[in-house]
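J.: Chains as they are written, first to last, in UniProt numbering: chain A, 1 to 326; chain B, 1 to 313; chain C, 1 to 546.
One or more hints might be untrue.
Going by beta-carbon spacing under 7 Å, a handful of chain B positions derived as facing chain A [said to hold, decoys possible]:
no., residue
1, I179
2, L183
3, I245
Simulated pairs of lysine-lysine, DSBU-like, Cα-Cα distance not exceeding 35 Å [claimed, not checked]:
no., chain 1, residue 1, chain 2, residue 2
4, B, K203, C, K431
5, C, K392, A, K240
6, C, K199, C, K91
7, A, K240, C, K85
8, C, K285, C, K372
9, C, K199, C, K285
10, C, K408, C, K392
11, C, K392, B, K203
12, C, K196, C, K254
13, B, K203, C, K321
14, C, K87, C, K199
15, C, K368, B, K203
16, C, K73, C, K196
17, A, K240, C, K368
18, C, K91, A, K122
19, C, K285, C, K254
20, C, K85, C, K196
21, C, K254, B, K203
22, A, K240, C, K144
23, C, K196, C, K91
24, B, K203, C, K408
25, C, K87, C, K233
26, C, K372, A, K240
27, B, K203, C, K285
28, B, K203, C, K91
29, C, K285, C, K200
30, C, K73, C, K87
Hints listed in this document are in silico derivations from the structure and should not be mistaken for laboratory results.
The structure presented is a predicted model; accordingly, all values stated were derived computationally and were not measured.
In this text, a Cβ means the ideal position worked out from N, Cα and C, and glycines have one as well.
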Amino acid sequence: MLAFIARRLMQSVIVMLVVAFIAFLVFRYVGDPLANLLSQDATMADYEEARERLGLNQPFYVQFYHFVVNALQGQFGVSYRLQQPVSQLILERLPATIELAVASSIIALVFGVFLGVYTALKQRAFSTGVIMTLSLIGVSLPTFLIGIGLIYVFAVELKWLPSFGRGEVIQIGWWRTGLLTQSGLRSLILPAITLSLFQLTLIMRLVRAEMMEVLRTDYIRFARARGLSSRAINFGHALKNTMVPVITITGLQLGSVIAFAIITETVFQWPGVGSLFVNSVAAVDVPVMAAYLVFVALVFVIINLIVDILYFIVDPRLRDGAKSGR
Amino acid sequence: MTDLPQSPPKTSRWKTFLRSDIVWSYRRSPVTVVASIVAFLLIFMAVFAPLLAPYNPFNPATLNLMDGFTPPNSSSMGGRYFTLGTDSQGRDVLSTIMYGSRVSLFVGAMATLFAMVMGVGLGLVAGYVGGLWDAVIMRVADVQLSFPAILIALLIFGVARGIIPPNQQEGAAIWVLIIAIGLANWAQFARTVRGATMVERQKDYVAAARILGVNPFIILLRHVLPNVVGPVLVIGTIGLALAIIEEATLSYLGVGVPPTQPSLGTLIRIGQQFLFSGEWWILLFPAITLVLLALSVNLLGDWLRDALNPKLR
Amino acid sequence: MTTPVLSIRDLVVDFPFHDEVFRAVNGVSFDIMPGEVVGVVGESGAGKSMTGSAVIGLIERPGRISSGEIRLKGERIDNLSEPEKAKLRGKRIGMVFQDPLTSLNPLYTVGRQLVETIRAHLPLNEAEARQKAIDLLTEAGIPKAAERIDSYPHQFSGGMRQRVVIALAIAAEPELIIADEPTSALDVSVQAQIIKVLKKLCTNHGAAVMLITHDMGVIAQTADRLVVMHHGKVVETGTVGDIIRRPREPYTVKLIDSIPTIERKEGQIAAATPANDDSAYVQVKNLVRDFELGRGSFTKLIPGKVEMFRAVSDVSFSIPKGQTFGLVGESGSGKSTCAKMIVGLVRPSSGHITVDGHDIWAGGAGHKERRKRVQMIFQDPYASLNPRWRVKDIIAEPMRTLGLARNKTEVEHRVAELLNKVRLDPSVMRKFPHEFSGGQRQRIAIARALSSQPEFIVCDEPTSALDVSVQAQVLDLMSELQSEFGLTYLLISHNLAVVRQMSTSVGVLHNGVLVERGPTDAIFDSPQADYTRMLLDAVPDISKVA
Numbered sequence: 001m002l003a004f005i006a007r008r009l010m011q012s013v014i015v016m017l018v019v020a021f022i023a024f025l026v027f028r029y030v031g032d033p034l035a036n037l038l039s040q041d042a043t044m045a046d047y048e049e050a051r052e053r054l055g056l057n058q059p060f061y062v063q064f065y066h067f068v069v070n071a072l073q074g075q076f077g078v079s080y081r082l083q084q085p086v087s088q089l090i091l092e093r094l095p096a097t098i099e100l101a102v103a104s105s106i107i108a109l110v111f112g113v114f115l116g117v118y119t120a121l122k123q124r125a126f127s128t129g130v131i132m133t134l135s136l137i138g139v140s141l142p143t144f145l146i147g148i149g150l151i152y153v154f155a156v157e158l159k160w161l162p163s164f165g166r167g168e169v170i171q172i173g174w175w176r177t178g179l180l181t182q183s184g185l186r187s188l189i190l191p192a193i194t195l196s197l198f199q200l201t202l203i204m205r206l207v208r209a210e211m212m213e214v215l216r217t218d219y220i221r222f223a224r225a226r227g228l229s230s231r232a233i234n235f236g237h238a239l240k241n242t243m244v245p246v247i248t249i250t251g252l253q254l255g256s257v258i259a260f261a262i263i264t265e266t267v268f269q270w271p272g273v274g275s276l277f278v279n280s281v282a283a284v285d286v287p288v289m290a291a292y293l294v295f296v297a298l299v300f301v302i303i304n305l306i307v308d309i310l311y312f313i314v315d316p317r318l319r320d321g322a323k324s325g326r
Numbered sequence: 001m002t003d004l005p006q007s008p009p010k011t012s013r014w015k016t017f018l019r020s021d022i023v024w025s026y027r028r029s030p031v032t033v034v035a036s037i038v039a040f041l042l043i044f045m046a047v048f049a050p051l052l053a054p055y056n057p058f059n060p061a062t063l064n065l066m067d068g069f070t071p072p073n074s075s076s077m078g079g080r081y082f083t084l085g086t087d088s089q090g091r092d093v094l095s096t097i098m099y100g101s102r103v104s105l106f107v108g109a110m111a112t113l114f115a116m117v118m119g120v121g122l123g124l125v126a127g128y129v130g131g132l133w134d135a136v137i138m139r140v141a142d143v144q145l146s147f148p149a150i151l152i153a154l155l156i157f158g159v160a161r162g163i164i165p166p167n168q169q170e171g172a173a174i175w176v177l178i179i180a181i182g183l184a185n186w187a188q189f190a191r192t193v194r195g196a197t198m199v200e201r202q203k204d205y206v207a208a209a210r211i212l213g214v215n216p217f218i219i220l221l222r223h224v225l226p227n228v229v230g231p232v233l234v235i236g237t238i239g240l241a242l243a244i245i246e247e248a249t250l251s252y253l254g255v256g257v258p259p260t261q262p263s264l265g266t267l268i269r270i271g272q273q274f275l276f277s278g279e280w281w282i283l284l285f286p287a288i289t290l291v292l293l294a295l296s297v298n299l300l301g302d303w304l305r306d307a308l309n310p311k312l313r
Numbered sequence: 001m002t003t004p005v006l007s008i009r010d011l012v013v014d015f016p017f018h019d020e021v022f023r024a025v026n027g028v029s030f031d032i033m034p035g036e037v038v039g040v041v042g043e044s045g046a047g048k049s050m051t052g053s054a055v056i057g058l059i060e061r062p063g064r065i066s067s068g069e070i071r072l073k074g075e076r077i078d079n080l081s082e083p084e085k086a087k088l089r090g091k092r093i094g095m096v097f098q099d100p101l102t103s104l105n106p107l108y109t110v111g112r113q114l115v116e117t118i119r120a121h122l123p124l125n126e127a128e129a130r131q132k133a134i135d136l137l138t139e140a141g142i143p144k145a146a147e148r149i150d151s152y153p154h155q156f157s158g159g160m161r162q163r164v165v166i167a168l169a170i171a172a173e174p175e176l177i178i179a180d181e182p183t184s185a186l187d188v189s190v191q192a193q194i195i196k197v198l199k200k201l202c203t204n205h206g207a208a209v210m211l212i213t214h215d216m217g218v219i220a221q222t223a224d225r226l227v228v229m230h231h232g233k234v235v236e237t238g239t240v241g242d243i244i245r246r247p248r249e250p251y252t253v254k255l256i257d258s259i260p261t262i263e264r265k266e267g268q269i270a271a272a273t274p275a276n277d278d279s280a281y282v283q284v285k286n287l288v289r290d291f292e293l294g295r296g297s298f299t300k301l302i303p304g305k306v307e308m309f310r311a312v313s314d315v316s317f318s319i320p321k322g323q324t325f326g327l328v329g330e331s332g333s334g335k336s337t338c339a340k341m342i343v344g345l346v347r348p349s350s351g352h353i354t355v356d357g358h359d360i361w362a363g364g365a366g367h368k369e370r371r372k373r374v375q376m377i378f379q380d381p382y383a384s385l386n387p388r389w390r391v392k393d394i395i396a397e398p399m400r401t402l403g404l405a406r407n408k409t410e411v412e413h414r415v416a417e418l419l420n421k422v423r424l425d426p427s428v429m430r431k432f433p434h435e436f437s438g439g440q441r442q443r444i445a446i447a448r449a450l451s452s453q454p455e456f457i458v459c460d461e462p463t464s465a466l467d468v469s470v471q472a473q474v475l476d477l478m479s480e481l482q483s484e485f486g487l488t489y490l491l492i493s494h495n496l497a498v499v500r501q502m503s504t505s506v507g508v509l510h511n512g513v514l515v516e517r518g519p520t521d522a523i524f525d526s527p528q529a530d531y532t533r534m535l536l537d538a539v540p541d542i543s544k545v546a
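Sequences and hints are given; from them, build the entire structure.
T.: Following this line, the structure appears as structure tokens:
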């Protein structure tokens, strides 16, 4: 088990290094880092001096080394657009994004798995047809349109919920939360639903497909032939086997929620990392772009690791494989 | 016995086609029939926009601010009739939708084609050659698949903006967009094709060709490729819907097509500004068109998957 | 008169497909008496499995019982509601499926699956159920059952898993066990043991058995009575001895006649003329093949100790021109790896293969000679023909690749000729493979192999995917072509009867080692190696009918 996790950790480090390398390339070669730092009337000497000071004259690998060391300490330089340290910008906005992502992940997971199992077990029911059709519409609706639609109905017409922002927030240490105030919670509802819908349909369709696949296997037929109750078959045997592949893909889907929040945050003017990123892309604010890339990769790697460990717990075949040193 | 050569029933090729599983499942699915008609009409409308559109919304000479904010199905103060109304600058919404769909479809189709060629090529190589090539290609695909396409596209777009000189940005924007969306979507093709290729590679008809000493490239092209076309078609169709949505999203975020060539996403972005002030038609009609386009293509893809994979039905 | 355990009357099972209805079972009637083992035999598509599914109430949608009656101990069970049917399953009717590798849930321990089944049907508590599970496993011949009960299915071998499956089927003491091809996925040596276990457990627990199989040999050794099915109908019923020795119906006569036996038949190929090994047409010398054991592509880059697995170990034999060498072995014996090395698909780790004096792995000329002279016929006729190609292109590929035909007309002419040779109508050349039956496809595969005008054909289990009657036809065709073209065959098979019929000499492969080789009659009549003796004893054969 430990060897298995150690191996996965190694792979994660490699992935992070590759992403850091791409981020470094973006950081170093897109646009001119100096042009943004120095004033319009800087002299050639100023340029040379700045080059020397920032280490831009050093060999490529030394620069990359410094980039990685800085990144490990959370240093990604200063935003061209906002003239603030990137790490500070991201940390300030992180709580908003994480609260949104977690809330919508829970919605997507709970409803996605439930509806997936339901539609797989009741394959011929009318309700299944309705749910499947709705899910297809859900996949075809761009997230931003869902957001606009929800705003129009619940904020503009019904005036039940706020249409933008986080509402009142409370500062706990460096974490600024909107979960403890009524207006904060009300503000979370529409963005969380918007963000969850796409993942929800994906998870639902995946669970349904896997479950139907499992229900067709020999061991389910054999379980039937042994006269087990359909409850034991569906929820004991089938569901657990369904979970093996579902865990991976679902985990990765939820990881992507963080990055997917870009759109939702823009529609609802949610002050998170995603909207920061979109504004940075529009303004070619390279340090923020590079830092965001590394940040998303980190989230991906962590979730991947959790998924691997879960997998390990669920599937006995893997445990044996790891024991024999594979 | 069953094994004697049976005289083939004499039917025309057309009749065989009509009796095939695909046609059978098409005729049995009214939703699919409707979806294909809607998709056809939308594509037709987009392709022939210059011939069909009642106005040319991008010709400044014909624009009249007096026509601005005309509600649907009424005549403007300038005395002209607009089926779906006009926007703030007096552009005919119906015509902008037709031209906008044209841009959306072009970008979506080209990006999907790009992703398909790249993904199928790399997937074939990874699946057939295996070993280190496979490991590298698939690891990259795995990592990329775990990032949402929209993020990848945004990044590529941002990088391209930093590299391309500002005066050429407008002309290159559409191509940058196509490459960005294409690069964001290739991995899905690669993964599917690789899986299918690995299955086919194990089959004996490939072994038979290898025994003969047929060139591996020819084996890939003539033996393996035709047998992985099915899943590629399915992913291609669903990928087209996805690419259209991604383009709309990027344009909605303001980083997509230039304002001089608005796509459906741009139109929605513009329309949203007027939602709160009551000019709903500027937003609603482009939005409906976009959803219809994506939904009909998705429905076709869904049907295609079921039809090509009868055991999943 | 005692009531039969199972009584089926005029059973009809229909499968609506598109706008038509396919009748899988068409008016089947038979009885099974208490404690009796009844074999239901037939070729694929005979409706035998469907009859079994109908009895236990597990016909998959959209199939349905359209008419007829099924009675269990006199009570009608075909019209019960789904929950009532579920109560019968396991409790009164048990079932054993074909593939032990997929019959058990991989995520639960064997013990949990047994306890769950026992407690679903019998009023026992957890500890009692567990004890019963251990007893059942012991009875099914699983050593140290008390320790192994908490293992997962993947920790058992195929044969052991099938014992677990049988224990599961009998767990609630049912009156009837339906065994659907219970040994078809297993090796010959395991097969015999499993049949014994099945019979022993059913006798001990007083269960009658409905044994569904295509293998007449298994039935001959196991069953009391026989039901022969064909195209959804019962053709003939009777005691096993009667039907095998004195079949009455024309279909049964033909079926029995086409079953190969390991006994020597009259008029069989004469023993091999002792050939001088060095002048033989095909020579395999000290062939070895090692495989690296599971390492990822990335970890392979890191040097280190590599675990090796020797699939083929120092195999040597030779085949004189125009004769057939039979290579026999169970799964995992390395026989397919041998075939792949001989046709040039897998490079040997060491050793030589020469065909007509050319070393085929020497590169350059040897490679070219191999392409010209060596061809292969594969096991699965569904996978060996490219489904997207027309028959004409499939058969023409070798001559096109090797440049044997000059133009289109000549290609077409040659393809037509080859189709005639394999007894197919030349007009079929414009069709696609899916329009043919398994036997017809195998003929097309043979035509393709002949298309490059080879002298040596490696046949890897050429008939094991086919029904017996079709198998007989394909084997006949192969023999005829051999004498017509003077072909040399390497026949690889797990089926001893087929090898006996076809080969002049035989080699027996076990765990990559050639344990014995010699003239066919010598090996079959007086085997020297223990392994060969065991194989010959284990093989179910119709000549062994009680």
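J.: When the structure is checked against the list of hints, which entries are broken? Sort them ascending.
T.: Per hint list: 1, 2, 5, 9, 17, 19, 26, 28, 29 violated.
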